[in-house]
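Undergrad: Going down the list, the protein sequences come from chains A and B.
Note that my numbering has the first sequence beginning at 76, numbered continuously upward.
Note that my numbering has the second sequence beginning at 33, numbered continuously upward.
Hints are computed from structural coordinates only; laboratory data are not their basis.
Backbone N, C-alpha and C fix where the C-beta goes; we use that ideal spot for every residue, glycine too.
Wrong hints could be hidden among the right ones.
[What the hints assert, rightly or not] With a Cα cut of at most 30 Å, we get these calculated DSSO-like pairs of lysine-lysine:
no.: 1; chain 1: B; residue 1: K288; chain 2: B; residue 2: K255
no.: 2; chain 1: B; residue 1: K495; chain 2: B; residue 2: K384
no.: 3; chain 1: B; residue 1: K153; chain 2: A; residue 2: K259
no.: 4; chain 1: A; residue 1: K122; chain 2: B; residue 2: K153
no.: 5; chain 1: B; residue 1: K230; chain 2: B; residue 2: K255
no.: 6; chain 1: A; residue 1: K110; chain 2: B; residue 2: K153
no.: 7; chain 1: A; residue 1: K147; chain 2: B; residue 2: K153
[Claimed, not checked] Just so you have them, the derived chain B footprint on chain A, three or more residues with Cβ under 8 Å:
no.: 8; segment: 126–132
no.: 9; segment: 218–226
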Amino acid sequence: MIFRLREGVLSLVCVSILVGCAGRLPRVEALNTPKERVCRVALIPFKNETSNPVISRVFYRILLSKLVTEAKLDVVEEGAVRSFMMYEYILPGSSFNLDMLRLLRRRTGVQAVIGGRILEATEGKNVKLSFFMWVRDTKTGRVLWSVYHSRTGEDYQKILHFGKISILSRLADRMLDEVIRRLKQKGFKGCY
Amino acid sequence: MRKAFGLLLILVWAGVVCAQIAVFPFEDLSRDLNGVNIKVSRIIAHRLEEQGFSVVGPDEVIKFLSKHHIMWVGWVDKVTADRIKRELGVQYILLGSILEFDTQRFRFGLVLRMVDAEDYKLIWAGRAFFSDEDKITFLGLGEKSWDFFLSSAVGKVLSNIPQEVLRNLAKAPVVDVARVVVTPRYARPGENVVCKAKVEISGAEPEKIFFVVDRVGRIPARKEGDFYTADWTAPAEEGRFGVSLEVWWDGAFSTKKRLFITTYYVDSTPPVFRMKLLGVKNINGEPVVARYVKIVPVFEKKEPVKRWSFKITYKGDEEKGEEARTVLFYSNMGDLPPWLVWRGKSASGLLKNGRYEIELTVWDRADNSYTVRKEVVLVRRIESVDVKAYKEENGVRFEVRVENYPLAISSWRLALWSDDGAVFYEREGSGVPKDVVFPVNPEKGRKLYYSLELVDEAGNRWKLDKRPLVITRVKIKKKKESGWVDDF
Numbered sequence: 076m077i078f079r080l081r082e083g084v085l086s087l088v089c090v091s092i093l094v095g096c097a098g099r100l101p102r103v104e105a106l107n108t109p110k111e112r113v114c115r116v117a118l119i120p121f122k123n124e125t126s127n128p129v130i131s132r133v134f135y136r137i138l139l140s141k142l143v144t145e146a147k148l149d150v151v152e153e154g155a156v157r158s159f160m161m162y163e164y165i166l167p168g169s170s171f172n173l174d175m176l177r178l179l180r181r182r183t184g185v186q187a188v189i190g191g192r193i194l195e196a197t198e199g200k201n202v203k204l205s206f207f208m209w210v211r212d213t214k215t216g217r218v219l220w221s222v223y224h225s226r227t228g229e230d231y232q233k234i235l236h237f238g239k240i241s242i243l244s245r246l247a248d249r250m251l252d253e254v255i256r257r258l259k260q261k262g263f264k265g266c267y
Numbered sequence: 033m034r035k036a037f038g039l040l041l042i043l044v045w046a047g048v049v050c051a052q053i054a055v056f057p058f059e060d061l062s063r064d065l066n067g068v069n070i071k072v073s074r075i076i077a078h079r080l081e082e083q084g085f086s087v088v089g090p091d092e093v094i095k096f097l098s099k100h101h102i103m104w105v106g107w108v109d110k111v112t113a114d115r116i117k118r119e120l121g122v123q124y125i126l127l128g129s130i131l132e133f134d135t136q137r138f139r140f141g142l143v144l145r146m147v148d149a150e151d152y153k154l155i156w157a158g159r160a161f162f163s164d165e166d167k168i169t170f171l172g173l174g175e176k177s178w179d180f181f182l183s184s185a186v187g188k189v190l191s192n193i194p195q196e197v198l199r200n201l202a203k204a205p206v207v208d209v210a211r212v213v214v215t216p217r218y219a220r221p222g223e224n225v226v227c228k229a230k231v232e233i234s235g236a237e238p239e240k241i242f243f244v245v246d247r248v249g250r251i252p253a254r255k256e257g258d259f260y261t262a263d264w265t266a267p268a269e270e271g272r273f274g275v276s277l278e279v280w281w282d283g284a285f286s287t288k289k290r291l292f293i294t295t296y297y298v299d300s301t302p303p304v305f306r307m308k309l310l311g312v313k314n315i316n317g318e319p320v321v322a323r324y325v326k327i328v329p330v331f332e333k334k335e336p337v338k339r340w341s342f343k344i345t346y347k348g349d350e351e352k353g354e355e356a357r358t359v360l361f362y363s364n365m366g367d368l369p370p371w372l373v374w375r376g377k378s379a380s381g382l383l384k385n386g387r388y389e390i391e392l393t394v395w396d397r398a399d400n401s402y403t404v405r406k407e408v409v410l411v412r413r414i415e416s417v418d419v420k421a422y423k424e425e426n427g428v429r430f431e432v433r434v435e436n437y438p439l440a441i442s443s444w445r446l447a448l449w450s451d452d453g454a455v456f457y458e459r460e461g462s463g464v465p466k467d468v469v470f471p472v473n474p475e476k477g478r479k480l481y482y483s484l485e486l487v488d489e490a491g492n493r494w495k496l497d498k499r500p501l502v503i504t505r506v507k508i509k510k511k512k513e514s515g516w517v518d519d520f
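Construct the complete structure from the given sequences, taking the supplied hints into account.
TA: So, in structure tokens, the structure goes:
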């Protein structure tokens with residue numbers, strides 16, 4: 076009886092910890108294993124599904140910076156991607172089909188393309204950001220990894236007001252830190 | 033404090049880096065999608081320029097963009113990058129995006145990225161965020177100004193550049209040594225050695241310069257005019273020691289360059305040699321210089337000679353009350369000749385016979401000296417010759433006596449002259465002339481002359497030329513007649 080009670084309490088504690096953490100960490104799915112080590116990538120503009128007109132570009136800039144400095148990837152300069160989209164009449168936020176991906180691979184030498192959607196961006200007292208991101212193989216068109224992440228500024232609050240994030244760009248920065256860490260755990264290695 | 037230090041590192045880094053950078057006007061996403069902020073880009077450009085960067089500022093870039101009808105500033109395509117490289121003469125393009133810019137609520141967010149215009153490659157990206165939480169210092173003691181905020185943000189974003197990117201980006205300063213003077217190059221242990229180096233530096237000025245000396249260590253250099261100088265005490269150990277110059281650039285770049293500049297020598301051993309005297313005769317166990325002496329220095333270990341001196345001292349004569357004195361001194365710089373010859377002369381001519389001391393001193397390059405002295409007896413001329421002529425029945429007899437002369441007379445020549453210059457008689461022989469009789473009868477009123485030449489065994493000649501013949505009168509004791517002889 077005592078054993079069962081102890082087992083039950085332990086189970087409850089574990090479940091509560093797991094549930095608590097699960098809501099906070101980005102959900103990263105490794106869908107396909109890349110055939111080659113992903114090193115050179117292109118970042119395509121994110122589709123903005125929020126009312127904030129600049130959030131996708133802010134997010135894009137922060138993500139690009141993080142892919143270079145933290146993920147240690149060889150990222151194609153934004154201008155090359157925008158030029159490609161312009162020549163191929165692809166609107167920002169539009170999806171790339173397999174032919175487009177292969178063409179981009181041929182033009183820029185990228186092994187994968189990173190894109191996604193900004194789902195929610197709320198400013199104010201408690202900022203909130205939700206996004207969906209994918210990494211696609213430019214050879215096969217398959218999605219290698221997909222990421223969903225959503226957080227508020229208060230999620231980072233520790234004691235009193237310390238740690239609370241009040242600006243959206245900083246929230247995006249912190250969230251992308253977590254995403255890149257999780258992606259690395261799932262096999263998303265850099266060039267070096 | 034840390035931010036200020038970060039900024040300092042960046043400023044140092046900026047000094048080191050000399051690559052040309054075009055700073056684009058920053059896109060300002062805090063306004064809208066097409067917002068442009070030139071103020072912040074100017075601040076960054078200005079700071080970089082102040083620290084030695086060759087920067088093409090945002091105002092120049094705007095002219096370029098309008099010339100080519102480029103409507104965006106947040107990114108750069110390949111063709112534009114190449115045009116920038118060609119037209120503005122830059123190697124790197126700095127692009128910036130301001131994500132937050134709110135002076136009222138103290139919010140600032142900046143993302144920078146650097147593109148290599150040469151190969152159109154994104155080589156670095158960095159970001160910095162500040163909000164009102166950062167404004168409040170610990171326990172709310174004081175507030176920071178917006179300018180400090182901005183300055184910290186710029187420093188922070190640039191300080192994130194990793195070392196490997198910096199090394200690729202930076203054109204390291206070139207250092208060369210134009211001139212090196214080390215005195216003395218050959219030192220004795222404990223002697224003070226001074227090294228001066230004129231350093232040519234292309235690029236940032238170094239933080240520190242050291243002289244790295246073998247067996248001594250690292251010595252900070254001091255600036256004296258165009259030269260960096262250091263001095264140290266030569267170690268006790270003998271040998272050849274290297275001197276290098278170590279140039280330090282502190283800060284983010286943290287570079288050290290070491291250049292081997294020179295060597296110096298420590299020498300405590302004197303140039304030991306012995307003096308070999310050739311051409312001297314050993315008479316009664318003493319070296320006698322009869323005609324000349326050839327002084328040959330024989331070194332134990334051959335080494336270059338810096339200077340040398342040669343001295344002849346007359347040892348004096350106690351009997352005659354003569355004191356010792358230097359009769360010949362000669363010194364010279366440079367290497368010692370293989371031998372020296374002394375012919376018994378001083379500057380005033382042939383020296384008189386006597387005891388002399390030959391002294392040879394040699395200094396090596398470290399000024400270690402070694403002296404060798406040897407005493408010799410100089411017998412260079414016949415000083416006392418007594419010539420006497422006697423009238424005899426069958427002519428004039430000459431008697432020659434050579435006094436106090438240690439060398440043997442090997443030959444002589446005696447001639448008798450008339451007053452009109454004609455030679456009557458001439459004789460020669462070996463040894464000292466004895467009982468040489470010339471069958472002449474000197475008459476009253478007629479002058480006769482004689483010449484005598486003596487040559488000793490060393491070849492020294494002694495000559496009396498055309499001396500008037502003076503007959504030494506000798507009282508002839510007449511024999512007393514012993515009486516008559518009975519003749520039976």
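Undergrad: Among the hints numbered above, which are violated by the structure, and what are their numbers in rising order?
TA: Result: hint 9 breaks, nothing else.
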